[in-house]
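Asker: The lines below spell out each chain.
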Amino acid sequence: MRMDFDDTPDEAAWRTEVRSFLDRHAPGPDQPRAWQATLYDAGFVGVTWPVEAGGRGGTPMQQAIVDQETARRGLPPLINLIGIGMCGPTVIVHGSERQRQRYLKRLLRADDLWCQLFSEPAAGSDLAALRTRAVRDGDGWRVSGQKVWTTLAHLADFGILLTRTDPDVPKHRGLTMFVVDMKAPGVTVRPLRQMNGDAHFNEVFFDDVRIPDDERLGDVGDGWRVALTTLMSERLSLGGGGTSIGPKPEAVARHVARHIGALPEDRRALARQELGRGYVAALGARYTGYRQLSRLNRGELPGPEASAGKLSGTRSARDLTDLAVRVLGPDAATGDDGEWQNMQAMLPGMAIAGGSDQVLRNIIGERVLGLPAEPRADKGVTFRESLG
Amino acid sequence: MNFDLDQEHLDLADGARDFLSGSASPAAARAALDEGAGLLPGRAELIKSGYATITVPESAGGGGGTVLQLAVVAEQAGRVLAGPSTVTFARAAVLLESDPDRLAGLADGSLVVAVIDGDGPVLDAVGAGTFLALRDGTLVCGPGRVTARRPIDATRGLGDVTLGDTIDLVRDARPLWRTAERVGRTILAAEGLGAAARLLEMGVEYAKQRHTFGRPIGSYQAVKHMLVDVYVAVEQLRSLVWWAAWAADRAPGELPLASAAAKAAAATTLELAAETVIQVHGGIGYTWEHDAHLYWRRAKTDRFLLGDDVAAFDEVARLAMGEAAR
Numbered sequence: 001m002r003m004d005f006d007d008t009p010d011e012a013a014w015r016t017e018v019r020s021f022l023d024r025h026a027p028g029p030d031q032p033r034a035w036q037a038t039l040y041d042a043g044f045v046g047v048t049w050p051v052e053a054g055g056r057g058g059t060p061m062q063q064a065i066v067d068q069e070t071a072r073r074g075l076p077p078l079i080n081l082i083g084i085g086m087c088g089p090t091v092i093v094h095g096s097e098r099q100r101q102r103y104l105k106r107l108l109r110a111d112d113l114w115c116q117l118f119s120e121p122a123a124g125s126d127l128a129a130l131r132t133r134a135v136r137d138g139d140g141w142r143v144s145g146q147k148v149w150t151t152l153a154h155l156a157d158f159g160i161l162l163t164r165t166d167p168d169v170p171k172h173r174g175l176t177m178f179v180v181d182m183k184a185p186g187v188t189v190r191p192l193r194q195m196n197g198d199a200h201f202n203e204v205f206f207d208d209v210r211i212p213d214d215e216r217l218g219d220v221g222d223g224w225r226v227a228l229t230t231l232m233s234e235r236l237s238l239g240g241g242g243t244s245i246g247p248k249p250e251a252v253a254r255h256v257a258r259h260i261g262a263l264p265e266d267r268r269a270l271a272r273q274e275l276g277r278g279y280v281a282a283l284g285a286r287y288t289g290y291r292q293l294s295r296l297n298r299g300e301l302p303g304p305e306a307s308a309g310k311l312s313g314t315r316s317a318r319d320l321t322d323l324a325v326r327v328l329g330p331d332a333a334t335g336d337d338g339e340w341q342n343m344q345a346m347l348p349g350m351a352i353a354g355g356s357d358q359v360l361r362n363i364i365g366e367r368v369l370g371l372p373a374e375p376r377a378d379k380g381v382t383f384r385e386s387l388g
Numbered sequence: 001m002n003f004d005l006d007q008e009h010l011d012l013a014d015g016a017r018d019f020l021s022g023s024a025s026p027a028a029a030r031a032a033l034d035e036g037a038g039l040l041p042g043r044a045e046l047i048k049s050g051y052a053t054i055t056v057p058e059s060a061g062g063g064g065g066t067v068l069q070l071a072v073v074a075e076q077a078g079r080v081l082a083g084p085s086t087v088t089f090a091r092a093a094v095l096l097e098s099d100p101d102r103l104a105g106l107a108d109g110s111l112v113v114a115v116i117d118g119d120g121p122v123l124d125a126v127g128a129g130t131f132l133a134l135r136d137g138t139l140v141c142g143p144g145r146v147t148a149r150r151p152i153d154a155t156r157g158l159g160d161v162t163l164g165d166t167i168d169l170v171r172d173a174r175p176l177w178r179t180a181e182r183v184g185r186t187i188l189a190a191e192g193l194g195a196a197a198r199l200l201e202m203g204v205e206y207a208k209q210r211h212t213f214g215r216p217i218g219s220y221q222a223v224k225h226m227l228v229d230v231y232v233a234v235e236q237l238r239s240l241v242w243w244a245a246w247a248a249d250r251a252p253g254e255l256p257l258a259s260a261a262a263k264a265a266a267a268t269t270l271e272l273a274a275e276t277v278i279q280v281h282g283g284i285g286y287t288w289e290h291d292a293h294l295y296w297r298r299a300k301t302d303r304f305l306l307g308d309d310v311a312a313f314d315e316v317a318r319l320a321m322g323e324a325a326r
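Just so you know, the sequences run in chain order A and B.
My numbering numbers the first residue of the first sequence as 1 and each following residue consecutively.
My numbering numbers the first residue of the second sequence as 1 and each following residue consecutively.
For the record, the hints were derived by calculation from the structure and aren't laboratory data.
We treat Cβ as the ideally placed atom computed from N, Cα and C, and that holds for glycine.
Check the hints yourself; a few may be wrong.
[Stated by the list, open to error] Residues from chain A that face chain B, not an exhaustive set, calculated with beta carbons under 7 Å:
| id | residue |
| --- | --- |
| 1 | F5 |
| 2 | Q273 |
| 3 | G284 |
| 4 | R291 |
| 5 | S294 |
[Claimed, not checked] Label-pair restraints from in silico Cβ distances:
| id | chain 1 | residue 1 | chain 2 | residue 2 | range |
| --- | --- | --- | --- | --- | --- |
| 6 | B | A251 | A | V51 | 29 to 39 Å |
| 7 | B | S23 | A | D219 | 50 to 60 Å |
| 8 | A | G380 | B | E201 | 31 to 41 Å |
| 9 | B | D308 | A | S356 | 28 to 38 Å |
| 10 | A | T8 | B | G214 | 53 to 63 Å |
| 11 | B | G15 | A | G299 | 25 to 35 Å |
| 12 | A | G388 | B | T212 | 27 to 37 Å |
[To be verified] Sample of chain B residues lacking proximity to chain A, with all beta carbon distances greater than 12 Å (derived):
| id | residue |
| --- | --- |
| 13 | D99 |
| 14 | L111 |
| 15 | G127 |
Just chain A, with the same shape it has in the complex:
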């Protein structure tokens, strides 16, 4: 197949379909669930999901075109993004037929909202060190422990929950994944205020919460493998396919163009250097995403190299946003400009969420470049022993 950035005839027809739909249905800004349902009913949510799972059985390129067209109109991401990007794909691969029937279509329509309950106060980058316990109780399980940084938990109906079911084997082997009803007795959600003032993520406490065994995802003790499905799907939804992390570089260029005339002469040249550097980095990330998307569209699985997009996209987003704030001049030190000050306060979180920059570098270093792993002090010991 020849290199070509233009749409194929099929892609062009799809793009026209997406555009004409979006032209006809402007979303109500305060009704994100209804908007997702409208989009789903038109066939534009879960495009790549199998038809049996409520999806359209389409291509990654078709999904990318939907993403491009919604981003072009400045529409916000879908409310159930975590469910679509991470929870759903995990249920598709590891769920039972009953779970797939019960959850997937409702997830795509945002009839139910979903969250991902992985990180804990003592287990972030070292996720497999998590402590939330699930203990057998008749034909079900009892769960106690605490999760944290859980985006959307305060609104979610369901979550995928990674627990420890066996502390007497090495840490990766004693984990089990469940679907948990977030409205079940014993689940307490406490919003956390982020450094930018928003409260999109939460602490979640589990106090003897009962989960039926048929809500298990995958085998007992196989939770790490199930979680890897989730994390691989996450890779695709963050910084993949040529979409921008943070501001679009074009938007920064427009903003700088408006303000650069007011800067002193020596600052103008400096601003252009900074814009040029950030812009080149953003283009590099974008076109690398296009290469990745092309491979996915040929049916290849997302590999560890996809982490590079998030790593570099986060960096260029911070550099470009820093410039955007800087050209505000005397106002830069105040919070008066909502847009760029907000972006500036959001981006430190991007370098941590979904794999910190440091963890992503380890993944690329070890799994792409083949460099040896950092020695691990908890290797070959059981989880209980590793606690000391």
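Since the structure of chain A is already known, use the hints to place chain B on it.
Answerer: What follows is chain B alone, placed relative to chain A:
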């Protein structure tokens, strides 16, 4: 959309790698520096192979191929620090596009040409007999007297050129000149990509072998993360090079931004790769015998060719703001 090389390109890359790795090497670059030894594979061999003149039309005896094909070859040339540069052939092929006789001379090797940029020393001037230059908006051609400059990277053949009597080739040639320069920047970036990718391999290989404190240095995050940053930069450069080369062939409107971005990214990436890989090697990386400094020399030279990286970043910014204002 499909953004990847096809099988034809991959086969071309294999063939070019076989030819170039068999006929050029960092050792040859060192000999050029040490003893003024001739460049390898050298102009004659490059022409004979057909790779350097891929973009010259078949009617003039060239390959009738695309800039993307030449970029694929140029990457392989960069890996082994081949000389002279494929950039010179790429630019001359554009500048002489309406001059079948000289184009045929370029393809058969009878016209030993270099392209004069502004006031700086000229790439591949050493050994060249005919020079192309832009004078008051006119593309001119003529013989010149070359004063070789003391090289940092001898494979670049930099020299000052005093033009003799010239003849006018094309009037109002500024747009043509700019296009040739942008194609040249794209191919320069492709050579930089090859050099940087080769450096990364050297660094990764060494980081797996070399032990300190009882374990391979590549297991330390301080070392691993440096190499990952090079990997990310190299892959992004690859994307920009392919995009720019594709634009040269198929989307001229995108060529200014794409070629400036590729040129700028090549300058910073090759320098990052060279300095990182020297650091990863420690003392041995700082020796004359080691190959790393030959790539470092390439980095320290290339960043100033066809405009420096500062100019390229400035151009990207101006183009981006211009687009945004529309």
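Asker: Next, verify each hint and record whether it holds.
Answerer: These are the hints, each one checked on the structure:
no.: 1; hint: F5; verdict: 5 Å, holds
no.: 2; hint: Q273; verdict: 5 Å, holds
no.: 3; hint: G284; verdict: 3 Å, holds
no.: 4; hint: R291; verdict: 5 Å, holds
no.: 5; hint: S294; verdict: 5 Å, holds
no.: 6; hint: A251(B) to V51(A): 29 to 39 Å; verdict: 36 Å, holds
no.: 7; hint: S23(B) to D219(A): 50 to 60 Å; verdict: 57 Å, holds
no.: 8; hint: G380(A) to E201(B): 31 to 41 Å; verdict: 33 Å, holds
no.: 9; hint: D308(B) to S356(A): 28 to 38 Å; verdict: 35 Å, holds
no.: 10; hint: T8(A) to G214(B): 53 to 63 Å; verdict: 55 Å, holds
no.: 11; hint: G15(B) to G299(A): 25 to 35 Å; verdict: 28 Å, holds
no.: 12; hint: G388(A) to T212(B): 27 to 37 Å; verdict: 28 Å, holds
no.: 13; hint: D99; verdict: 30 Å, holds
no.: 14; hint: L111; verdict: 31 Å, holds
no.: 15; hint: G127; verdict: 34 Å, holds
No hint from the list above goes unmet by this structure.
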